[in-house]
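Undergrad: So the sequences go chain by chain: X and Z.
Heads up: the first sequence begins at 1 in the numbering used here, then just goes up one per residue.
Heads up: the second sequence begins at 1 in the numbering used here, then just goes up one per residue.
A hint or two may mislead.
[Said to hold, decoys possible] Derived lysine to aspartate or glutamate pairs resembling DMTMM-like cross-links, with alpha carbons at most 20 Å apart:
1. 267(X) x 56(Z)
2. 58(Z) x 213(X)
3. 167(X) x 145(X)
4. 331(Z) x 303(Z)
5. 167(Z) x 145(Z)
6. 295(X) x 56(X)
7. 58(X) x 213(Z)
8. 267(Z) x 145(X)
9. 10(X) x 56(X)
These are computed hints drawn from the structure, not numbers from a lab.
Predicted model, so just to flag it, every value in this text is computed and none were measured.
There are 2 protein chains.
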Amino acid sequence: MTAYREIRLKSRPSGLPKAENFELASVDLPAPGAGEVQVKNLWMTVDPYMRGRMNDVKSYSPPFALGKAMDGGAVGEVVASGDPGFKAGDLVQSGFGWREGFNAAAATVQKLDTMGLPPQTFLGAAGMPGLTAYAGLLKIAALKDGDVVFVSGAAGAVGSMVTQIAKAKGHTVIGSAGGADKIAFLKSIGVDHTIDYKAEKDLSAALTRAAPDGIDVYFDNVGGEHLEAALTAARPFARFALCGAISMYNATEMPAGPRNLVMMVGKQLRMEGFIVSSSWDMMPAFHRDLAQWVKEGKVTWKETVFEGIDKAPDAFLGLFRGENLGKMLVKLA
Amino acid sequence: MTAYREIRLKSRPSGLPKAENFELASVDLPAPGAGEVQVKNLWMTVDPYMRGRMNDVKSYSPPFALGKAMDGGAVGEVVASGDPGFKAGDLVQSGFGWREGFNAAAATVQKLDTMGLPPQTFLGAAGMPGLTAYAGLLKIAALKDGDVVFVSGAAGAVGSMVTQIAKAKGHTVIGSAGGADKIAFLKSIGVDHTIDYKAEKDLSAALTRAAPDGIDVYFDNVGGEHLEAALTAARPFARFALCGAISMYNATEMPAGPRNLVMMVGKQLRMEGFIVSSSWDMMPAFHRDLAQWVKEGKVTWKETVFEGIDKAPDAFLGLFRGENLGKMLVKLA
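Based on the sequences and whatever the hints tell you, model everything.
TA: What follows is the structure in structure tokens.
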């Protein structure tokens, strides 16, 4: 038996989650059975979309069960294997996050080819957030030469990849983020115009100053006032990729939508929501492009790291306070 | 000299226009010069989009000038011609509405082939409103087999064509309109489920009852609460064609947008605004299909007619009180 700790959902949050919605527990795992592997997790991810799974509502991913370990992306190492396809020491990726280790059917974990990158990159720049940026820009927003691109949440895991992919493809990029550190980071990765939304009273005016001729693409990570500003600044036929709305995930009442949505008619705008799981087929192309961009020094990333499974709820809550620069991660071993 | 009356914009309305924003004037026209025609208008159209042109703001069509006749679609008869391409008695279509007659360069009017239909049809079912319905459904909403279609303003000039085109193509159609007469009309043209929005307290609940399995396409003519209901009822990957938002055209303050816009992400919805002038190239295909549908008895239309140029402002204002069943027209001769 080996003891592993895990984080369970103790109660469903209303509004912003609190520490008492989570509980730390320990489980003793036997050796893996035939066809199973035992994995010790090295890294786990916390992501804004997980907030939705804490509610008991039907959505694109099922709600977390009360009293059980939550799940999410993780990278780990096989420590014992009952399956001929895996051996101790193999690096694997799985959906069994929020726990130090687990036993699972071999078919539910994937061997990880790190392409020479640190393994936790596959929870961020080279993983789900990176593919989200890539698919959102190239497929949903149908990025084309000359487009001026506006990104909100631009210093986050997805946003910082959006800005860099757009820059690598030669676009003018306007990035919005909150606070001097994030703005400095955006400048360091070559964003053309930055907006510190915490320092701006009128986001529409700030965006119009940054993009006096308007924007062609908006990659929306936050919703709310940013979306309203983007509608105002949009050029005719602009395309909006709606990736998420972190400003609304903890809302207990439905917030009003953009007051200027009607602009979509006269400007002939397109707005499309998407989730990354509809674009897994783009992963090989993304990894090919990413390898090239990393080699050319065009794409880099930041990580904000909490250490220890007991800190995972703090890392998660930090997302909603904007505490992460780049990818928010929890180091488990 | 021949005297013709016309309606001029006297002052710019704030909110709902009033009679005093318009003035009736008379002009004496000489015989047409070389290369010109003199046209006596038979019919003119009033359309909701004209409200936007009464404001002094940049939009997809320029604002009406104060103290001058407004313009808009009209069908008329050439009464005198200084151009070899036209002769007295020719039926023509033009953008010189809101007046009983005019002189204009021959190149600015088009001869009208009525395809055996009454000429005023080309201001409605067979004209701009019909093409709006056709392009919005087929191109913008990318209608495909099996789609469940929801249309607001379903008894109006555009909406009644949307419902009938969707029915002609074999779809289940839910139409919303206000009042018993309009609902009876919708039933008479084969709409599967009708919603009298004036009689419903909760539009989302009404739509969910009408479409328990959800909708795939929403053709939006009104905005506001209807858009919110459509977001709630939308199936994954539903497409919304945003044609206009008559509920907002007279708003003096920007109304709040749909509170549930964030549903676009999880349901992966697409929303696209459009104006018909981007789809003139579809007119020949539309006329071919329309001729066939009329022959098969699948498409019909209603007209609400005011008589005399002096009644044109009343006809226009009636649009915002929902007084029209089908196309609102002014008969001028």
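Undergrad: Looking back at the numbered hints, which does the structure fail to meet, lowest number first?
TA: 6 and 8
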